[in-house]
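These protein sequence lines are chains A and B, in that order.
Just so it is clear: in the first sequence, position 11 is 34 by my numbering, and no numbers are missing.
Just so it is clear: in the second sequence, position 238 is 381 by my numbering, and no numbers are missing.
Derived from the structure by calculation, the hints contain no laboratory data.
As the structure is a computational prediction, the values presented were derived from the model and not from experiment.
Mixed in with the good hints, there may be bad ones.
[What the hints assert, rightly or not] To be clear about the criterion: a stretch of chain A counts as covered by chain B if any three or more of its residues have a C-beta under 8 Å from a C-beta of chain B, and this derived list gives those stretches:
| id | segment |
| --- | --- |
| 1 | 41-55 |
| 2 | 73-79 |
| 3 | 209-219 |
| 4 | 234-243 |
| 5 | 682-696 |
[Stated by the list, open to error] Computed list of lysine to aspartate or glutamate pairs in EDC-like fashion (alpha-carbon distance at most 20 Å, straight line):
| id | chain 1 | residue 1 | chain 2 | residue 2 |
| --- | --- | --- | --- | --- |
| 6 | B | Lys244 | B | Glu157 |
| 7 | B | Lys316 | B | Glu337 |
| 8 | B | Lys214 | B | Glu347 |
| 9 | B | Lys196 | A | Asp309 |
| 10 | A | Lys420 | A | Asp450 |
| 11 | A | Lys60 | A | Asp89 |
| 12 | B | Lys196 | A | Glu245 |
| 13 | A | Lys386 | A | Asp130 |
| 14 | A | Lys678 | B | Glu274 |
| 15 | A | Lys35 | B | Asp315 |
| 16 | A | Lys531 | A | Asp119 |
| 17 | A | Lys422 | A | Asp472 |
| 18 | B | Lys313 | B | Glu330 |
| 19 | A | Lys617 | A | Asp580 |
| 20 | A | Lys228 | B | Glu284 |
| 21 | B | Lys196 | A | Asp244 |
| 22 | A | Lys551 | A | Glu540 |
| 23 | A | Lys653 | A | Asp285 |
| 24 | A | Lys99 | A | Asp516 |
| 25 | A | Lys228 | B | Glu157 |
| 26 | A | Lys402 | A | Glu148 |
| 27 | A | Lys574 | A | Glu69 |
| 28 | A | Lys574 | A | Glu183 |
| 29 | A | Lys589 | A | Glu609 |
| 30 | A | Lys536 | A | Glu510 |
| 31 | A | Lys678 | B | Glu284 |
| 32 | A | Lys402 | A | Glu639 |
| 33 | A | Lys35 | B | Asp270 |
| 34 | A | Lys195 | B | Glu274 |
| 35 | B | Lys196 | A | Glu750 |
| 36 | A | Lys420 | A | Glu131 |
| 37 | A | Lys99 | A | Asp472 |
| 38 | A | Lys402 | A | Glu366 |
Even for Gly, the Cβ is constructed at its ideal location relative to N, Cα and C.
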Amino acid sequence: KAQPRVPHDYRKATVVRSVCLNCSTVCGIEGHVIDGKLVKVSGNPEDPNNGRSLCAKGQSGPTINDYPERLLFPLKRVGPRGSGRWQRITWDEAHDEIARRIRRAMDEGKPEEVAIHVGRSRVGEETTRFMNAVGSPSVFNHRAICSSNKRAANYVSLGETDWETGDFERSKYIIDFGANVYEAHQGAIHAAKRIIRGRFDNGAKFVYFDVRMSNTAGRADEWFAPNPGSDGAIALAMGNAIIAAGLHNREWLDTWSNVAADDLAKWIDRYTPEWAEGVSGIPAADIRRVALEFAHAAPAAVAFTNRGSGAHYNGFNADRAVILLNAIVGSIGQPGGYCYTVEPTRIPPQVFPHPLPMPPSPKAKSAIENPPEWPLANKWQRMKVGQIVYRHLLQGKGKVQVYLSYTLASPQTWPEGRSLALRVLKDEKLIPFHACSDIVYSEMAHHADMILPDASYMERWGFDTRNNMELRDYVTLRQPMVAPPGECRSFVDSLIDIARRIGPDTAKYFEFKDHEEWIRRRCEPFGKRVGEDGFAYMRKHGVWQDTSKPKYYALYDWPLSAEELKNTRVDEATQIVLRKAADGREAPVGLMVKGTARRGFITPSRKFSVYHPDIEAAAQARGFDEDGGKGMPDWFPVPSIERMGQEQLHLVTFKWNVHTQGRTQSQKYLSEIVHHNPMWIHPATAARHGIRTGDMVEITTYRPHGHGMRGGGEVVGKALVPAWVTEGIHPRVLAVSNTLGNQFHGRAATAHNGPRQALEAAWDRAAVGEDADLDERVWWDPARGGTGAGYNVNAILPIQPAPLVGMQGWFDTVCSIRRA
Amino acid sequence: MPQQPQWKMALDVERCIGCHACSVACKVENQVPLGSFRTKVYYWDHGSYPQVKRDFLPALCMQCEDAPCLKACKSGALSRGADGIVRIAQHACDSHGACEKACPYGAISCQPGQIADKCDFCSHRLDVGMEPACVETCPAEVFHFGDARDPDSAYSRFMARRGHETAVLKADKGTRPAVAYRGHRVEMEAKIPEGRNHEGWSYEIETWPSLDAHFPPQRRVHWARVEPGQNITEYRAEAEGGAA
Numbered sequence: 024k025a026q027p028r029v030p031h032d033y034r035k036a037t038v039v040r041s042v043c044l045n046c047s048t049v050c051g052i053e054g055h056v057i058d059g060k061l062v063k064v065s066g067n068p069e070d071p072n073n074g075r076s077l078c079a080k081g082q083s084g085p086t087i088n089d090y091p092e093r094l095l096f097p098l099k100r101v102g103p104r105g106s107g108r109w110q111r112i113t114w115d116e117a118h119d120e121i122a123r124r125i126r127r128a129m130d131e132g133k134p135e136e137v138a139i140h141v142g143r144s145r146v147g148e149e150t151t152r153f154m155n156a157v158g159s160p161s162v163f164n165h166r167a168i169c170s171s172n173k174r175a176a177n178y179v180s181l182g183e184t185d186w187e188t189g190d191f192e193r194s195k196y197i198i199d200f201g202a203n204v205y206e207a208h209q210g211a212i213h214a215a216k217r218i219i220r221g222r223f224d225n226g227a228k229f230v231y232f233d234v235r236m237s238n239t240a241g242r243a244d245e246w247f248a249p250n251p252g253s254d255g256a257i258a259l260a261m262g263n264a265i266i267a268a269g270l271h272n273r274e275w276l277d278t279w280s281n282v283a284a285d286d287l288a289k290w291i292d293r294y295t296p297e298w299a300e301g302v303s304g305i306p307a308a309d310i311r312r313v314a315l316e317f318a319h320a321a322p323a324a325v326a327f328t329n330r331g332s333g334a335h336y337n338g339f340n341a342d343r344a345v346i347l348l349n350a351i352v353g354s355i356g357q358p359g360g361y362c363y364t365v366e367p368t369r370i371p372p373q374v375f376p377h378p379l380p381m382p383p384s385p386k387a388k389s390a391i392e393n394p395p396e397w398p399l400a401n402k403w404q405r406m407k408v409g410q411i412v413y414r415h416l417l418q419g420k421g422k423v424q425v426y427l428s429y430t431l432a433s434p435q436t437w438p439e440g441r442s443l444a445l446r447v448l449k450d451e452k453l454i455p456f457h458a459c460s461d462i463v464y465s466e467m468a469h470h471a472d473m474i475l476p477d478a479s480y481m482e483r484w485g486f487d488t489r490n491n492m493e494l495r496d497y498v499t500l501r502q503p504m505v506a507p508p509g510e511c512r513s514f515v516d517s518l519i520d521i522a523r524r525i526g527p528d529t530a531k532y533f534e535f536k537d538h539e540e541w542i543r544r545r546c547e548p549f550g551k552r553v554g555e556d557g558f559a560y561m562r563k564h565g566v567w568q569d570t571s572k573p574k575y576y577a578l579y580d581w582p583l584s585a586e587e588l589k590n591t592r593v594d595e596a597t598q599i600v601l602r603k604a605a606d607g608r609e610a611p612v613g614l615m616v617k618g619t620a621r622r623g624f625i626t627p628s629r630k631f632s633v634y635h636p637d638i639e640a641a642a643q644a645r646g647f648d649e650d651g652g653k654g655m656p657d658w659f660p661v662p663s664i665e666r667m668g669q670e671q672l673h674l675v676t677f678k679w680n681v682h683t684q685g686r687t688q689s690q691k692y693l694s695e696i697v698h699h700n701p702m703w704i705h706p707a708t709a710a711r712h713g714i715r716t717g718d719m720v721e722i723t724t725y726r727p728h729g730h731g732m733r734g735g736g737e738v739v740g741k742a743l744v745p746a747w748v749t750e751g752i753h754p755r756v757l758a759v760s761n762t763l764g765n766q767f768h769g770r771a772a773t774a775h776n777g778p779r780q781a782l783e784a785a786w787d788r789a790a791v792g793e794d795a796d797l798d799e800r801v802w803w804d805p806a807r808g809g810t811g812a813g814y815n816v817n818a819i820l821p822i823q824p825a826p827l828v829g830m831q832g833w834f835d836t837v838c839s840i841r842r843a
Numbered sequence: 144m145p146q147q148p149q150w151k152m153a154l155d156v157e158r159c160i161g162c163h164a165c166s167v168a169c170k171v172e173n174q175v176p177l178g179s180f181r182t183k184v185y186y187w188d189h190g191s192y193p194q195v196k197r198d199f200l201p202a203l204c205m206q207c208e209d210a211p212c213l214k215a216c217k218s219g220a221l222s223r224g225a226d227g228i229v230r231i232a233q234h235a236c237d238s239h240g241a242c243e244k245a246c247p248y249g250a251i252s253c254q255p256g257q258i259a260d261k262c263d264f265c266s267h268r269l270d271v272g273m274e275p276a277c278v279e280t281c282p283a284e285v286f287h288f289g290d291a292r293d294p295d296s297a298y299s300r301f302m303a304r305r306g307h308e309t310a311v312l313k314a315d316k317g318t319r320p321a322v323a324y325r326g327h328r329v330e331m332e333a334k335i336p337e338g339r340n341h342e343g344w345s346y347e348i349e350t351w352p353s354l355d356a357h358f359p360p361q362r363r364v365h366w367a368r369v370e371p372g373q374n375i376t377e378y379r380a381e382a383e384g385g386a387a
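This is chain A alone, in the form it adopts within the complex (with noise of 0.2 Å):
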């Protein structure tokens, strides 16, 4: 007889409060731990951004921390690489044999070629440190195949900040190009939670451009599916409109924007909404009729993007142009308009100051993490190019001694995958030797030389923040809910005990016994702040946002106080207010508008940036002349668009509302919703090519054509896929979703029923037990008639940075199709 399930008796529980890492979003969570198992999450009602709300993936986070499959003692290698065998070794072996390797490379005078990879850590401060203690510039992250060309957009326009904050709550028109917020774009709960009350309870229009039915899609008020890479000649041909009907703000222009209303209307001239419909596919009345009554909504009006607009070759200035149209309308920074604060992504170094001696910035230089191809993708941060790294690599452009990996899923989750990335991680030659912190037995554990493993984000410290929904400064902070099961360690507890090991030029900066001291000496000041003990007023709390200032509305107009006014003249022909500091030199501090000093933006104008010279220059020195080295948020095709044949369609991805990219599938609770990707298809195609649902399809890709491209037109790769014939999708496009495809992380990410399999020196039954569901329920295993795990259609996506900035153009890639 079954065993009657005992329901979680929250009189016993303990609340811990900390910070979700199931996705991007930054979620304030409440652990509750009975009699020491972390039994179930929520949000904390504190979190300024999703209060007691999280998504699936939150949701499922404590089924991470007792996964049958987790990594528990560190493992060394003992066949080839790749071969999955593996022996137990301590720690102290572990951390010697890591800094012995690093201090070789260090006496060799080559500490660039230590390199740490990461994923979204969220421990970006702690790793830094470490690499800048070794003298490695070497740090290598994933932002240009996230969001570098939103983030770059930004800056350039807002200067402060690479991430705006609609006001969506207050709004009464949103347009969204290409961020399916109600599923996954970064922020989703919090902006998607808003955008839902703009709608039902502020009477807000929603209107969204895709070229896949997403849930965000399938529920706006209107969806348009615009030809892919045409985002931004719809956002110039609205501005277009508006101007033309009189409908911009010309005041707001003439006052602030660094191209005048005339000067603005001389140019986006050539931008009709005809034009545009020629590029994008979408009637030319449609766009002008969003365009006014967007502007007709102004200021409470708010136009953002995300990856659907951005992840193209033009997408730097797609994402500018969406930016410009909500300066158009005058609604930056106004209440239910484009709104953003000061620098949203950092912990304030103010508030929280590191514990010192801050080791320096490397002097080493390295050819990877900082590629001269493009000049913009280091500028505002160091955003990188990390699709290249194993490109590189392989073409000797750098090299490794010791590569450690965390958070980071690249075979899964990099163009060209499971076939370049792969094929670089399996040559000792090109990765000599390769640590790997993980939680579970990945594909990139299996390709590793040693294994670490890691305490789950649940178990370990950190700080964490984002853009706060409510405009202003806020910082969170991740502590353990309950200790790691088994051997395992946090990998900054890893990183600290390693860098005293390597000696004594690397240990001097790291003299704390671990991650939760170097946490509390950073509370230690801000205590002052909160008149209590700032450790414990952030583990109380999870979160301490700043209220001593007003909510960030309009922060460019913020008059300068007579402090900030010390010491400094006003530059008779930009009327930029510069300050002189004590060496002398002159630093703009704000701009005077209308006889008063004020803020303006932190552009080299002081205004928000229509125009660039920073891009103008950038792109003359690369010879990209696509956009005439004009500086201007131009649109230009595509050029492996531009050159499609007939009979080619274009191939997307995208991302389920259950699953990150790399991460979420051993979740059993995520998996059994969605681990089956087929391929989406426009009936009219699939009719054209014999193809039913159900049907296998090959895919064939092709590489690009286009400014720094090679071998345009050559095959990338095959793919064999089944089909979904769907009405929601464009005629033209193809999607296969980004995740899925694992052949790693267990048996609810491998869709395998039955017991545990291989690896039995990772594990121990006394630590972490097994769970009848994976061993007897497991119902999408394809021996029980299930449809499987899915396909991983990344290994058949090449690597195309965009020009400047390097982002990865994922939506780019053209390819032809045959039912097998």
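Once you've looked at the hints, dock chain B against the given chain A.
Just chain B now, kept in the frame of chain A:
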């Protein structure tokens, strides 16, 4: 003695974004096995390109006043409390399965060898002053829950404002549900299986454009990239994703 609360729920489905947070919150909260659901979110795609829409329908136990499951249970394990909630006494369940077959809403799971399981509005959470897990987590503020006798409860406030726009699902079944819906597409009620809690195939995206609750085998898509029995030590280049 104070009056018993009358727990009721109203869902404003117009706001739903199909995120499955309610469903996963429920599964973690109630340790619901794979293959069984106390709450599920159905999808329906309809229309022709480019005029296509997607609707959602979160479904759970209706806590019927005239509950077919209760009448069908031979072991007396099911009962309806004074607070309106239909509950299962786990120790009394004999896994007979009649309750699952009787439910017009597919809300009870009673698989062989398992104790019957269904939503009880997270009674153990109500006991300590917490909301049901689905209600608490919903980012779209779809769920309005509370004591129908308390005019200040979220349920009563919503019903006072929008009650005239609500309806129950499958009203023709005559079970008098305690859960009301606003803004759902009536056609979608056909997607909720009768007499069966969960059929694996009903969650695949190939079913989104369909209003069928069950999928005959000949219409199912079978797709398996990872061969059964292949384990990680047997990983081979063959499985590297088809890169030429």
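Going through the hints against the structure:
1. 41-55: Check failed, 0 qualifying residues.
2. 73-79: holds (count 6)
3. 209-219: holds (count 4)
4. 234-243: holds (count 6)
5. 682-696: holds (count 5)
6. B:Lys244 / B:Glu157: violated, 30 Å
7. B:Lys316 / B:Glu337: holds, 11 Å
8. B:Lys214 / B:Glu347: With a Cα-Cα distance of about 33 Å, the restraint between Lys214 (chain B) and Glu347 (chain B) is violated, given a limit of 20 Å.
9. B:Lys196 / A:Asp309: The given pair, whose Cα atoms are some 18 Å apart, holds under the 20 Å limit.
10. A:Lys420 / A:Asp450: Given that 20 Å is the threshold and the Cα spacing comes to 16 Å, the pair holds.
11. A:Lys60 / A:Asp89: Given that 20 Å is the threshold and the Cα spacing comes to 9 Å, the pair holds.
12. B:Lys196 / A:Glu245: Within the cut-off at roughly 10 Å; holds.
13. A:Lys386 / A:Asp130: holds, 15 Å
14. A:Lys678 / B:Glu274: Cα-Cα ~30 Å, so violated.
15. A:Lys35 / B:Asp315: With a Cα-Cα distance of about 44 Å, the restraint between Lys35 (chain A) and Asp315 (chain B) is violated, given a limit of 20 Å.
16. A:Lys531 / A:Asp119: holds, 18 Å
17. A:Lys422 / A:Asp472: Roughly 17 Å between the alpha carbons, so the hint for Lys422 (chain A) and Asp472 (chain A) holds.
18. B:Lys313 / B:Glu330: Status holds; Cα separation ~10 Å.
19. A:Lys617 / A:Asp580: holds, 11 Å
20. A:Lys228 / B:Glu284: holds, 18 Å
21. B:Lys196 / A:Asp244: holds, 10 Å
22. A:Lys551 / A:Glu540: holds, 18 Å
23. A:Lys653 / A:Asp285: holds, 18 Å
24. A:Lys99 / A:Asp516: holds, 19 Å
25. A:Lys228 / B:Glu157: Answer holds: Lys228 (chain A) to Glu157 (chain B) is near 14 Å, not above 20 Å.
26. A:Lys402 / A:Glu148: At roughly 19 Å apart (the allowed maximum being 20 Å), Glu148 (chain A) and Lys402 (chain A) satisfy the hint.
27. A:Lys574 / A:Glu69: holds, 17 Å
28. A:Lys574 / A:Glu183: Holds. Lys574 (chain A) to Glu183 (chain A) sits at ~16 Å (cutoff 20 Å).
29. A:Lys589 / A:Glu609: Given pair Lys589 (chain A), Glu609 (chain A) holds - Cα atoms ~12 Å apart, limit 20 Å.
30. A:Lys536 / A:Glu510: holds, 18 Å
31. A:Lys678 / B:Glu284: violated, 23 Å
32. A:Lys402 / A:Glu639: Distance of about 14 Å is within 20 Å: holds.
33. A:Lys35 / B:Asp270: Distance ~13 Å between Lys35 (chain A) and Asp270 (chain B) Cα, so the pair holds.
34. A:Lys195 / B:Glu274: violated, 32 Å
35. B:Lys196 / A:Glu750: Distance ~10 Å between Lys196 (chain B) and Glu750 (chain A) Cα, so the pair holds.
36. A:Lys420 / A:Glu131: holds, 19 Å
37. A:Lys99 / A:Asp472: holds, 6 Å
38. A:Lys402 / A:Glu366: holds, 15 Å
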